[in-house]
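J.: Using the sequences and the hints, build the whole thing.
Per UniProt numbering: the sequence shown = residues 1 to 231.
Don't take each hint at face value.
Below, simulated DSS-like cross-link-like pairs (lysine-lysine); rule was C-alpha separation at most 30 Å, straight line [said to hold, decoys possible]:
(1) 231 x 117
(2) 66 x 231
(3) 214 x 228
(4) 117 x 146
(5) 117 x 89
(6) 214 x 162
(7) 66 x 146
(8) 89 x 130
(9) 225 x 214
(10) 231 x 207
(11) 228 x 117
(12) 184 x 228
(13) 117 x 132
(14) 231 x 132
Since the hints were derived computationally from the structure, they do not count as laboratory data.
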Amino acid sequence: MNDFVKIKLMNIKTSFFKHTKFSRWIGILAIVTFLSIVTNIFFLNSLVVSHFSNKTLQVDYIPSSKVVVNMLLLTEDQSFFNHSGVDFKEIARVLRDYWLYDKPIRGASTITQQLIKNELLTRERRIDRKLKEVLMAVLLELSFDKNFILNYYMNSVYLGQKGNLAIHGFAHAAKFYFNNDIDKLTLEEVATLVAMVKGPSYYHPIKYPQRLAKRRQLVLSLYHKYEKIVK
Numbered sequence: 001m002n003d004f005v006k007i008k009l010m011n012i013k014t015s016f017f018k019h020t021k022f023s024r025w026i027g028i029l030a031i032v033t034f035l036s037i038v039t040n041i042f043f044l045n046s047l048v049v050s051h052f053s054n055k056t057l058q059v060d061y062i063p064s065s066k067v068v069v070n071m072l073l074l075t076e077d078q079s080f081f082n083h084s085g086v087d088f089k090e091i092a093r094v095l096r097d098y099w100l101y102d103k104p105i106r107g108a109s110t111i112t113q114q115l116i117k118n119e120l121l122t123r124e125r126r127i128d129r130k131l132k133e134v135l136m137a138v139l140l141e142l143s144f145d146k147n148f149i150l151n152y153y154m155n156s157v158y159l160g161q162k163g164n165l166a167i168h169g170f171a172h173a174a175k176f177y178f179n180n181d182i183d184k185l186t187l188e189e190v191a192t193l194v195a196m197v198k199g200p201s202y203y204h205p206i207k208y209p210q211r212l213a214k215r216r217q218l219v220l221s222l223y224h225k226y227e228k229i230v231k
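T.: Next up, the structure:
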């Protein structure tokens, strides 16, 4: 066997072992990544189930008023009873409008995502936080039914502040803002509360009445325009 052939064989052997070693490390990395993802999912699922199973709402529980439910869902999450925690169709529409029609990015978070964000996450605008929100919303829907999620949201959503008093839930807000029971409010009053869900400080009824009026009108127009979700 001449020297050229020997060198060629040695190069092939060296290349083979390098490739095998590289493949082994890639395999190990893939396994570690997979186990990390699975562990993270189990941890987040445990966090979600534990929080919503054990926490007692410190607010008045309200029966599902059809007016409040319909107004809320038509404004915040029209596909609530059809998605599994995340509305991918709505996300696709938002991205399409942004890229093709140069429309501003609007919110596409579902009621379930909002509940996760309100209860368990910060409001940081980071991709990893958003991905965690999406995953936890899906996990929440796998563990609890829609009625539980909707009622929890309606009784815990933040709707304002007065000094040290935080106003959570529609029942509390109805008493605070209108001194009345939630089921005795007018359409305009319900629309006011639903409008404030988007941002109680930004749509503050005393500080920014014009902003609130514009948002309330949108809520009312959606309520009158579209077919009711809960009948």
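J.: It remains to establish, for every hint, whether it holds in the given structure.
T.: Going down the list of hints, with the structure as the test:
For the hint pairing residue 231 with residue 117, the CA-to-CA distance comes to about 29 Å; that is within 30 Å, so the pair holds. Straight-line distance between C-alpha atoms of residue 66 and residue 231 comes to about 7 Å, which keeps the hinted pair within the 30 Å bound. With a C-alpha separation of about 22 Å, the suggested pairing of residue 214 with residue 228 holds against the 30 Å cut-off. Using a Cα cut-off of 30 Å, the hinted pair residue 117 and residue 146 holds, with the two alpha carbons roughly 17 Å apart.
Straight-line distance between C-alpha atoms of residue 117 and residue 89 comes to about 20 Å, which keeps the hinted pair within the 30 Å bound. Under the criterion of a C-alpha separation no larger than 30 Å, the hint pairing residue 214 with residue 162 is consistent with the structure, at around 23 Å. Distance check on the hinted pair: residue 66 and residue 146 sit about 15 Å apart at the alpha-carbon level, within 30 Å; holds. Annotation: proposed proximity of residue 89 to residue 130 holds, straight-line Cα distance about 17 Å (limit 30 Å).
Among the hinted pairs, residue 225 with residue 214 is consistent with the structure: their alpha-carbon atoms are about 16 Å apart, no more than 30 Å. For the hint pairing residue 231 with residue 207, the CA-to-CA distance comes to about 36 Å; that exceeds 30 Å, so the pair is violated. The straight-line distance between the Cα atoms of residue 228 and residue 117 is roughly 27 Å, inside the 30 Å bound, and the hint therefore holds. Straight-line distance between C-alpha atoms of residue 184 and residue 228 comes to about 19 Å, which keeps the hinted pair within the 30 Å bound.
Taking the CA atoms of residue 117 and residue 132, the gap is about 10 Å. The hint holds against a cut of 30 Å. For the hint pairing residue 231 with residue 132, the CA-to-CA distance comes to about 34 Å; that exceeds 30 Å, so the pair is violated.
Hints 10 and 14 from the list above are not met by this structure, while the remaining hints are.
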